[in-house]
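Trainee: Okay, here's what each chain looks like letter by letter:
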Amino acid sequence: MRAMSAAETAPTLHPWPVHAQGLRVRAGRHPAVDGLDLALSAGVHGVLGPNGAGKTTLMRALSTVVKPAAGSLTLLGAQADGRADLRGIRRRLGYLPQQFGFYPRFTVREFVAYMAWLKEMPKTAIPDAVQRAIDRVGLTAKADKKMKTLSGGMVRRAGIAQAIVNDPELLLLDEPTVGLDPEQRLDFRDLLRALGADSCVLVSTHLVEDVVAACTDVILMNEGRLLFQGTPDDLIARGGDGDAGDSPAERGYSALLRRHRSNA
Amino acid sequence: MTHPSTMLLARYADGGPGLDDAALWSIEVHLDVCADCRAQLAAHASPATRDLLDRVAVSLDRALEASPSPARRRTRAGAVHRRWLAWTLLPWLAVTAAVLGCGVLLDAAEPSLPSLVLLLAPVAPLPGVAVAWSRRTDPAWELIAATPAAGLAMVLRRTLAVLLVVLPALLMAGASTGTSLALTLLPCLAFTVATLVLGALIGVQRAAIALALTWCAAVLLPSVAARSLSPVLQPGSTAVWAATTVALAAFTPLAASPFRRLRSGN
Chain A
73 MRAMSAAETA
83 PTLHPWPVHA
93 QGLRVRAGRH
103 PAVDGLDLAL
113 SAGVHGVLGP
123 NGAGKTTLMR
133 ALSTVVKPAA
143 GSLTLLGAQA
153 DGRADLRGIR
163 RRLGYLPQQF
173 GFYPRFTVRE
183 FVAYMAWLKE
193 MPKTAIPDAV
203 QRAIDRVGLT
213 AKADKKMKTL
223 SGGMVRRAGI
233 AQAIVNDPEL
243 LLLDEPTVGL
253 DPEQRLDFRD
263 LLRALGADSC
273 VLVSTHLVED
283 VVAACTDVIL
293 MNEGRLLFQG
303 TPDDLIARGG
313 DGDAGDSPAE
323 RGYSALLRRH
333 RSNA
Chain B
-16 MTHPSTMLLA
-6 RYADGGPGLD
4 DAALWSIEVH
14 LDVCADCRAQ
24 LAAHASPATR
34 DLLDRVAVSL
44 DRALEASPSP
54 ARRRTRAGAV
64 HRRWLAWTLL
74 PWLAVTAAVL
84 GCGVLLDAAE
94 PSLPSLVLLL
104 APVAPLPGVA
114 VAWSRRTDPA
124 WELIAATPAA
134 GLAMVLRRTL
144 AVLLVVLPAL
154 LMAGASTGTS
164 LALTLLPCLA
174 FTVATLVLGA
184 LIGVQRAAIA
194 LALTWCAAVL
204 LPSVAARSLS
214 PVLQPGSTAV
224 WAATTVALAA
234 FTPLAASPFR
244 RLRSGN
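Residue numbers (this note's numbering), protein chains in the order written: chain A, 73 to 336; chain B, -16 to 249.
Worth flagging that the hints you see were computed from the coordinates, not collected in a lab. Take these hints with a grain of salt, some might be off.
[Claimed, not checked] Calculated from the model, a selection of chain B residues having no Cβ within reach of chain A, i.e. all distances over 12 Å: (1) T71; (2) A123; (3) T228; (4) L231; (5) S240.
[What the hints assert, rightly or not] Among chain B residues calculated to face chain A with C-beta under 7 Å, some are: (6) R33; (7) E125; (8) A129; (9) A132; (10) R244.
C-beta atoms are modelled at their ideal positions from N, C-alpha and C, and glycine is treated no differently.
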């Protein structure tokens, strides 16, 4: 007989990688996320919404950078609000902020390796994991170039590489396709599909066609609240011929927003 | 460990006719760990297998020649100059060193004034400490704040980096003016720890500014105006400074929780 610690008896499976109830998060004094209920399973989830809908603030709260003001937030089966110890969650998390700074003198490899070290990966696993992450985003040829010599799209891809270097179970990408050319966006969609096979990926974007092409699930936010959650086909089905937009999905998007605004 | 018989190995080398999957797998697992059996297997290899292996070797050699050579490993010492902290701190530390240098010169030129090195020592590390945990000065703060390494340990490590530069500078300044080393270093450590403890409550940057202003208003300016050293820096107060430092240091572990997130006040 021996005593079991709480860590040993904790369930290893959890129904939702992301589970928020009545989540409120402030950006400055403004409540940018205001009573959001969200339950996400594995797969690729696209977060859509107009400017100021609270997408970035939601991403910051899910990445444990910002503390929720109220409500409950459970990430990967562990409590992530209040004074909870976040190290366990953060080791299994990947995050690409909307605007991220970097140390200009670092090479891409050093930057990704430094982030891998900060994510407390085993030292022996870091070089291989770094090379793999850089290969996956297509920066192999630029791996030993300094960050300050890269173009905007390459910096973005280096950011994606640092987010996926620890094979995260929860991956948060805020506007990952900004600055990518059309061909790179196609590659990125393939990468998203591969990542979503066994982890929970959240992608915030303005590009409705990216969501329809690569996501298994669409989340539409407006004014800090959840407006719609469903498959891309559900989104397309909401649109009619009279709605604004050039593609069926865009028509669905504008129909949902218009309906919500006329009700409000 | 039982080695597969020579007959079994010969059959395995032939492509395994008459062996079921379970037998094949157990031979395979064994071959992974046993060099002797691998050598035996190589002796049994058929001409077709040898030919295949030769072709693989040739194409591998060709691919290795065509691909870029492995990147040169940089040494750890060579990487320090690319660290963000090293460059961000440089101006602050240079100013600190310059101010201390002026203190030394003034001490020599105006012996009637109270020792400026002593008066400046407590606030010398504060600019560096303020930079150590800040949203404004660290460009990658949002990336770092989402990693498990973010927290009190990181703040302490960065503070240590600051002290590693400031303390020797203070030692040199103190030794050259002949002031008490304990009275130079202890207040410096006490103010550093106090910044971290107060920083847990109101943010490190605000704490550093508040403590520096308080020190200047309460001790530095009155001492210079009165042309006599404040009683808090007289030799008798060494024990009080030491006790304060230890007491504040005991509080720091309690401050771990507020440092888990890099709040907007920092």
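Trainee: For every hint, state whether the structure bears it out.
Mentor: Going through the hints against the structure:
1. T71: Contrary to the label, T71/B does not stay out of reach of chain A, its closest Cβ about 9 Å off (not over 12 Å).
2. A123: violated, 5 Å
3. T228: Given a closest Cβ separation of 27 Å, the condition holds.
4. L231: Nearest chain A Cβ is 22 Å from L231/B, so the label holds.
5. S240: Violated, because the least Cβ-Cβ distance between S240/B and chain A comes to about 5 Å, which does not exceed 12 Å.
6. R33: violated, 32 Å
7. E125: Nearest chain A Cβ about 4 Å off; hint holds.
8. A129: holds, 4 Å
9. A132: Constraint on A132/B satisfied, holds at 4 Å.
10. R244: holds, 6 Å
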